[in-house]
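**Student:** All chains, please: the whole structure from these sequences, using the hints.
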Amino acid sequence: MSTTIDINRLSTGVPGLDDVLGGGVPEFSFNLIAGPPGCGKTTLAHQIMFSLATPERPAIYFTVLGEPPLKMLRYQQQFAFFDSEAINRRVRFINLADDRLEGDLQQVLRRIVAEVETHAPALVFVDSFRSLVAAEASPGSTQGALLQQFVHQLGISMTSWQATTFLLGEYGSESDANPVFTVADGLFWLSQNVQRNSMVRKLEITKMRGQPTLPGLHTFRISAAGIEVFPPAGHTVAASDRGNEAAPPAGRLPMGVPRLDDMLGGGLPRGYSLLVAGPSGSGKSILAAAFLAEGVRCGETGVIAAFEQRPDRSRNRLLADLIANGRVALVDSQAPDLSIDEIVRLLLIEIHRLDASRVVIDSLSGFELALAPSFREDFRESMSRLVTALAATGVTVLMTSELEDRYTDLRFSPYGTAFLTDAIIVQRYVEVDSRLLRMMAVVKLRSSPHSNDLRLFEITDDGIRISDRLAGHEGLLGGKPTTADAAELPKTPAGARHE
Amino acid sequence: MNSLDSSRFIAAAARVDDDAARVAEVLVSAWQHRLAALAPIVGQRGVGALYGRSVALASASHPWLAAAQLGVKSAVDLPALSAALSSQTAAEAAAGDRALAKALSELLASLIGASLTERLLGSMTDPVPGATAHERSS
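Listed in order, the protein sequences are those of chains A and B.
To convert, note that position 84 of the first sequence is 732 in this note's numbering; the numbers rise steadily by one, no gaps.
To convert, note that position 123 of the second sequence is 103 in this note's numbering; the numbers rise steadily by one, no gaps.
Rather than coming from a laboratory, the hints here were simulated on the basis of the structure.
We treat Cβ as the ideally placed atom computed from N, Cα and C, and that holds for glycine.
It is possible that some hints are incorrect.
To be verified - Facing chain A, from chain B, some residues (calculated, C-beta under 8 Å): (1) Leu15; (2) Lys82; (3) Leu96.
What the hints assert, rightly or not - In silico negatives: residues of chain B with every beta carbon more than 10 Å from chain A: (4) Glu5; (5) Ser41; (6) Glu86; (7) Ser95.
**Tutor:** Okay, here's the thing in structure tokens:
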């Protein structure tokens, strides 16, 4: 017989937070939610409270000197999780301002304990505990010592009463209240990082006794639905897609562009990530749309994350129809200040919903712009996480990337991310016979033979048409090829040649 | 606004004795319960502020109510309300009381919404002395 205790973990009801916490909040734990004003402490506490409180396991929310209770109720009810019907039933608000103003900390503590004894809540929130001692200035004792004493006594009382407790407090940095933090079982640290016009909210579980949390800063977003935490992309996948990892996908996918499959040695290997790089207007988005359409034709489904322009009928009818039919899901996040983890979460939700096998990100350039500035600095690392997370689900990924036309050097990716992908197709413009033609080549296909041809292609009403190799020319990648034999004319696509 | 309708208290009072002092007593008792139920959530000072604002609003139509809360006070002055109600006829006291209750209800609704107001005010009117089951259903 086991003599160790099984700690029950409570699901917080905040999407993504349980993953970061390592399974939820331990029952009867004593937690601090800390951070600067406006970082979302009260919202997080309310969301957890409304999610966890039941008539059998009610919650008490103590308000002290911070936000006036009416203001708090006024603003918190804007969130979808707020339930007016729950007030005075499974959720009880109690204001301690009078006790604080008329008495000392001990009176506040006595009042809290008395209310807890009366109502026997399973959940207790104190918002904010730091304002309890902010005005305290008795000689000989520092605020820190008072606070620690108060928190310590409260911790003992609440644990004895089997109440899972959350104290909220304003703190600017993690270093200014260490003695208090030692008392807590769990420490939720919220912060917000403003850079230029963007603001990114981050959550860190700096401490959680008895369970492995996900280390580091995790972005979260506050919307009308409440808080949503975005655990690291790799973790989300590892937890939900282990089955796919065990059975690596096999076979090759047709690209939907005639002759391109031949260039790829029989199609794009399933589960590969492909980077399509080329200058503006070279046909990357059309290739991406053909890739998705071919999947649908073969009975598969797809997901596209569009960061440049929303696919509509006037611009890309083929894709718009696929989206309208529900065979391709559109991740069209217009939210500013995106994080990689957030977009990966959005993609994974759609991939799982449709059981999709093909994913398009159009384009990385637009994606980079949509990211909050603070994430752009480590874009390469973020890209790596994105590719890893998507690859782990077994989907085949096509990403487009704007590539500035430079004829002095040969580059495949503006981000130095080329090594991350399994395959690369590059598109370029070349001047041939006083005309600007498009050219395409497969420059990389991991563990697979592929064509090394530089092929001309054109964009017609029916899509991309790939022609033969541009024989007899050299210096194509320099943009201005010369004929090896002046008498030999380039073989350009039928119909594309100007007679 | 059923929860704040004072007609049942008036009915209770009128049956006992059509006396302004008795009416005032019943009405003040109801207010005591109302405010006591709000106090845990917003604190005594919060209640005082809401009550003071309600008195100011209701005084527009019933000027004598102004005497129910004189000056800026953080606590509710129920004896002053009792005195103000007692100085009126039973009908006028009831009308003033209704205006005050309406002002409080509308004030709260403007701050925290009708639904939550109903939840908070609705939960505190039942244990009113003098309002029997028969009167509640009538």
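**Student:** Go through the numbered hints given earlier and state which of them the structure violates, listing their numbers in rising order.
**Tutor:** 1, 2 and 7
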